[in-house]
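K.L.:
Residues in the sequence shown are numbered from 1 upward in steps of one, following the working numbering.
Think of the hints as simulated: they come from the structure by calculation, not from any bench. There could be a bad hint or two in this list.
Below are the SDA-like pairs computed for lysine to any residue, each with C-alpha atoms no more than 25 angstroms apart in a straight line [what the hints assert, rightly or not]:
1) K501 x Q531
2) K193 x Q116
3) K334 x S447
Ranges between beta-carbon positions, derived for each pair [stated by the list, open to error]:
4) A128 x V11: 31 to 37 angstroms
5) T273 x P347: 36 to 42 angstroms
6) S511 x T231: 25 to 31 angstroms
7) K13 x S103: 16 to 22 angstroms
8) K554 x H373: 46 to 52 angstroms
9) F229 x I541: 44 to 50 angstroms
10) K217 x Q55: 43 to 49 angstroms
11) T323 x I541: 34 to 40 angstroms
12) E24 x S103: 27 to 33 angstroms
13) V92 x L250: 44 to 50 angstroms
14) Q55 x E24: 34 to 40 angstroms
15) I541 x E275: 44 to 50 angstroms
16) K217 x E24: 16 to 22 angstroms
17) M1 x N345: 56 to 62 angstroms
No residue lacks a Cβ here, since even glycine has one placed at the ideal position from N, Cα and C.
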Amino acid sequence: MIRLSQNPSLVGKFPANNWTSPIEYLDVSETSFSELADSIGNLKLLGRLMLGYSQFVGPVPASLGNLTQLTLLHLMHNNFSGHIPSSLSNLVQLTCLDLSGNSFVGEIPDIVNLTQVSFFDLSNNQLAGPVPSHEKPYMFAKLIKLKYLYISHNSLSLGTTFKIDIPFPKFSYLSLFACNISAFLSFLRTQDKLFYLDLSESKIDGQIPRWISKIGKDSLSYLNLSHNFITKMKQISWKNLGYLDLRSNLLQGPLPVPPSSLRVILISNNQFTGEIIHSICDIIALDVLDLSNNRLSGTIPESLNLNNNELKGANPQSLVNCTKLEVLDIGNNKINDVFPYWLGNLPELRVLVLRSNKLRGSVRVFEPKESFHKLRILDLSINNFSGYLPARFFEKLNGMRNVGADEGKLRYLGEEYYQDSVVVTLKGTEIELQKILIVFTTIDFSSNGFDGEISQVIGKLHSLRLLNLTHNHFTGKIPSSLGNLAKLESLDLSSNNLAGKILKQLASLTSLSVLNISHNRLDGPIPQGPQFNTIQEDSYIGNLGLCGFSLTKKCGNDEAPTTFHEEEEEAESSSSWFDWKFTKIGYGSGLVIGLSIGYMVFASREPLWFMKMVVTWQSKKRQQRSATPSGAVSVNATVSNSPLPLCHPPSVHHSAITATTTRRRY
Numbered sequence: 001m002i003r004l005s006q007n008p009s010l011v012g013k014f015p016a017n018n019w020t021s022p023i024e025y026l027d028v029s030e031t032s033f034s035e036l037a038d039s040i041g042n043l044k045l046l047g048r049l050m051l052g053y054s055q056f057v058g059p060v061p062a063s064l065g066n067l068t069q070l071t072l073l074h075l076m077h078n079n080f081s082g083h084i085p086s087s088l089s090n091l092v093q094l095t096c097l098d099l100s101g102n103s104f105v106g107e108i109p110d111i112v113n114l115t116q117v118s119f120f121d122l123s124n125n126q127l128a129g130p131v132p133s134h135e136k137p138y139m140f141a142k143l144i145k146l147k148y149l150y151i152s153h154n155s156l157s158l159g160t161t162f163k164i165d166i167p168f169p170k171f172s173y174l175s176l177f178a179c180n181i182s183a184f185l186s187f188l189r190t191q192d193k194l195f196y197l198d199l200s201e202s203k204i205d206g207q208i209p210r211w212i213s214k215i216g217k218d219s220l221s222y223l224n225l226s227h228n229f230i231t232k233m234k235q236i237s238w239k240n241l242g243y244l245d246l247r248s249n250l251l252q253g254p255l256p257v258p259p260s261s262l263r264v265i266l267i268s269n270n271q272f273t274g275e276i277i278h279s280i281c282d283i284i285a286l287d288v289l290d291l292s293n294n295r296l297s298g299t300i301p302e303s304l305n306l307n308n309n310e311l312k313g314a315n316p317q318s319l320v321n322c323t324k325l326e327v328l329d330i331g332n333n334k335i336n337d338v339f340p341y342w343l344g345n346l347p348e349l350r351v352l353v354l355r356s357n358k359l360r361g362s363v364r365v366f367e368p369k370e371s372f373h374k375l376r377i378l379d380l381s382i383n384n385f386s387g388y389l390p391a392r393f394f395e396k397l398n399g400m401r402n403v404g405a406d407e408g409k410l411r412y413l414g415e416e417y418y419q420d421s422v423v424v425t426l427k428g429t430e431i432e433l434q435k436i437l438i439v440f441t442t443i444d445f446s447s448n449g450f451d452g453e454i455s456q457v458i459g460k461l462h463s464l465r466l467l468n469l470t471h472n473h474f475t476g477k478i479p480s481s482l483g484n485l486a487k488l489e490s491l492d493l494s495s496n497n498l499a500g501k502i503l504k505q506l507a508s509l510t511s512l513s514v515l516n517i518s519h520n521r522l523d524g525p526i527p528q529g530p531q532f533n534t535i536q537e538d539s540y541i542g543n544l545g546l547c548g549f550s551l552t553k554k555c556g557n558d559e560a561p562t563t564f565h566e567e568e569e570e571a572e573s574s575s576s577w578f579d580w581k582f583t584k585i586g587y588g589s590g591l592v593i594g595l596s597i598g599y600m601v602f603a604s605r606e607p608l609w610f611m612k613m614v615v616t617w618q619s620k621k622r623q624q625r626s627a628t629p630s631g632a633v634s635v636n637a638t639v640s641n642s643p644l645p646l647c648h649p650p651s652v653h654h655s656a657i658t659a660t661t662t663r664r665r666y
């Protein structure tokens with residue numbers, strides 16, 4: 001046995017010499033070798049060869065076909081290219097073959113001789129052609145031991161010409177997403193042992209056939225039909241189904257009745273109508289529920305909150321029982337209520353989105369000191385709130401004071417489960433952040449009826465990156481304390497009744513990239529500084545008393561603009577904190593309750609309809625390895641006669657739904 005794995009300093013050709021040693025086990029995965037030599041074919045006693053997650057490029061040597069004793073061959077996640085060598089058909093003892101994550105082209109080679117193979121992964125390549133082809137109609141027929149088949153993300157074409165009388169193995173895992181499938185494959189009728197089926201990102205249209213219930217009738221646990229053109233599904237009959245994903249189809253009519261075994265239900269972005277069936281609340285194992293972006297109506301059940309439908313009524317105070325809830329989004333509905341101050345009692349709440357409802361009245365806080373103390377994203381925009389904003393409200397927002405001391409590590413909210421997006425409003429345009437950074441903090445109170453002066457206490461929220469108070473009735477001066485918000489990137493105070501001068505302290509905000517103070521009653525000179533000098537005139541219009549740089553009105557000698565000497569800015573470690581994408585949808589984020597594009601995740605065990613997310617996602621994503629200092633070479637080599645590891649499915653494909661509290665990132 002030779003193990004050279006996890007040595008990124010190992011480079012060049014492998015093997016460097018014409019090895020002829022009686023090696024039975026060779027692991028050089030997670031290295032930086034770039035060329036696989038023909039001499040690899042000399043190791044004719046080799047039983048297991050692992051080259052995955054390295055830097056190999058070019059074609060795979062045909063000499064691999066000489067290794068007729070191989071039972072396991074891992075070439076995944078390299079840069080191999082060209083055709084898959086036909087000589088691999090000589091490896092008749094193979095039980096595990098993983099060629100995923102490369103750049104192989106051409107058709108799938110003839111594999112009928114690989115009668116012992118139980119795991120076969122060709123996903124994420126550039127393979128093309130029909131499967132099976134007219135030349136090889138029985139390519140899977142003799143592979144009676146094949147249980148795990150992954151051919152997703154290629155340019156393969158899996159038509160509906162599979163004949164039922166052509167024998168197929170009894171699969172356990174079948175991943176066929178993004179395979180140009182246009183209808184439900186007829187051979188699936190005989191797949192009564194399936195545990196995992198993924199047909200997503202295809203071209204399947206029309207109604208789901210009745211016979212689909214025969215697929216894994218007693219075994220199916222994972223079903224993904226998302227991102228197709230399916231119009232109707234009459235029933236969900238699998239009694240052991242734990243994960244159901246029907247997102248982004250054209251499904252119509254009332255919601256189907258879900259089986260009680262479901263832990264994850266994702267049915268967003270469809271055209272479902274009618275009321276939310278109350279039987280959903282009886283699924284005691286439910287961990288994740290996403291019904292957003294449909295046409296559901298009626299009132300909100302006590303156990304649910306769903307974004308971007310037509311739900312109305314008041315906020316159910318039973319939410320206060322969700323003591324582990326991190327994200328709550330009930331935006332884009334018709335909720336008619338007052339500010340739910342009692343939510344401040346949720347100790348883990350980090351994101352609160354109430355935007356675009358019919359909420360009214362003043363904003364008050366829960367009296368305990370810890371109220372809203374972990375909140376990082378707060379969106380009350382587009383409602384009917386009124387009155388002044390009390391200073392003590394902002395004093396409680398400790399989560400916006402000093403977030404992310406170690407900002408070199410980009411961590412995302414909810415990354416243990418999902419990495420979803422969040423929408424913020426900049427100068428009237430909704431922009432979607434593809435991920436929610438832990439360090440991202442924002443307050444959006446725009447389009448309400450708030451009045452009075454803006455509290456100086458906001459200046460204590462040192463981690464604030466976005467502040468939007470546009471379209472209210474604020475009066476008085478711009479608070480001087482805003483000059484303390486060194487991380488502020490966007491400030492919108494437009495369309496209020498603010499008066500006085502623009503404070504020179506704002507010119508020191510070197511992170512500020514978006515500023516809008518238009519349509520107020522401000523006067524005097526515009527400060528000069530590295531940020532203000534780049535801001536366009538439309539950010540100042542509607543303030544007749546303003547003068548100076550970027551305006552047609554120039555200042556007199558007695559009101560010369562204040563200058564600010566630009567200090568050298570630190571270089572950014574990345575091109576941007578955020579991935580931006582323009583969109584016209586509402587807020588969305590992870591670890592959620594009814595997000596726009598999110599999920600309802602609860603960690604409290606009582607009451608039962610608030611459950612903890614226990615879907616454990618395993619990942620092919622490798623742990624980061626510590627870098628070797630320049631010039632140094634560190635090699636970890638092991639020679640051993642210990643038992644060989646068993647072949648198992650790559651964990652990226654295995655989304656196990658288990659009753660465990662183990663958390664793994666995906």
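K.L.:
Each hint: holds or not?
P.N.:
Status of the hints after comparison with the structure:
1. Restraint check for K501 and Q531: satisfied, since their Cα atoms lie roughly 17 angstroms apart, inside the 25 angstroms limit.
2. Between K193 and Q116 the alpha-carbon distance is near 19 angstroms, which keeps this suggested pair within the 25 angstroms criterion.
3. Between K334 and S447 the CA atoms are separated by roughly 16 angstroms; this keeps the pair inside 25 angstroms, and the hint holds.
4. Take A128 and V11: their Cβ atoms lie about 32 angstroms apart, and the range 31 to 37 angstroms holds.
5. Taken as a hint, the range 36 to 42 angstroms holds for the pair T273 and P347, whose Cβ atoms sit roughly 37 angstroms apart.
6. A beta carbon spacing of about 48 angstroms between S511 and T231 contradicts the range 25 to 31 angstroms that was offered as a hint.
7. At about 19 angstroms, the CB distance of K13 to S103 agrees with the hint of 16 to 22 angstroms.
8. The hint said 46 to 52 angstroms for the Cβ distance between K554 and H373, and at roughly 48 angstroms that hint holds.
9. Judged by the Cβ atoms, the range 44 to 50 angstroms given for F229 and I541 holds: they are separated by roughly 46 angstroms.
10. Taking the beta carbon of each, K217 and Q55 are about 45 angstroms apart, inside 43 to 49 angstroms as hinted.
11. At about 48 angstroms, the beta-carbon gap between T323 and I541 misses the expected band of 34 to 40 angstroms.
12. Hint check: E24 to S103, Cβ distance near 30 angstroms, so the stated range 27 to 33 angstroms holds.
13. Look at V92 against L250: about 46 angstroms separates their beta carbons, and that is inside 44 to 50 angstroms.
14. With their beta carbons about 25 angstroms apart, Q55 and E24 fall outside the hinted range of 34 to 40 angstroms.
15. In this structure, I541 and E275 meet the distance hint of 44 to 50 angstroms, their C-beta atoms being roughly 47 angstroms apart.
16. Checking the proposed 16 to 22 angstroms range against K217 and E24 shows it is violated: the Cβ atoms sit about 42 angstroms from each other.
17. A hinted range of 56 to 62 angstroms holds for the C-beta pair M1 and N345, which are about 58 angstroms apart.
In terms of the numbered hints stated before, the structure departs from hints 6, 11, 14, 16, listed from lowest to highest.
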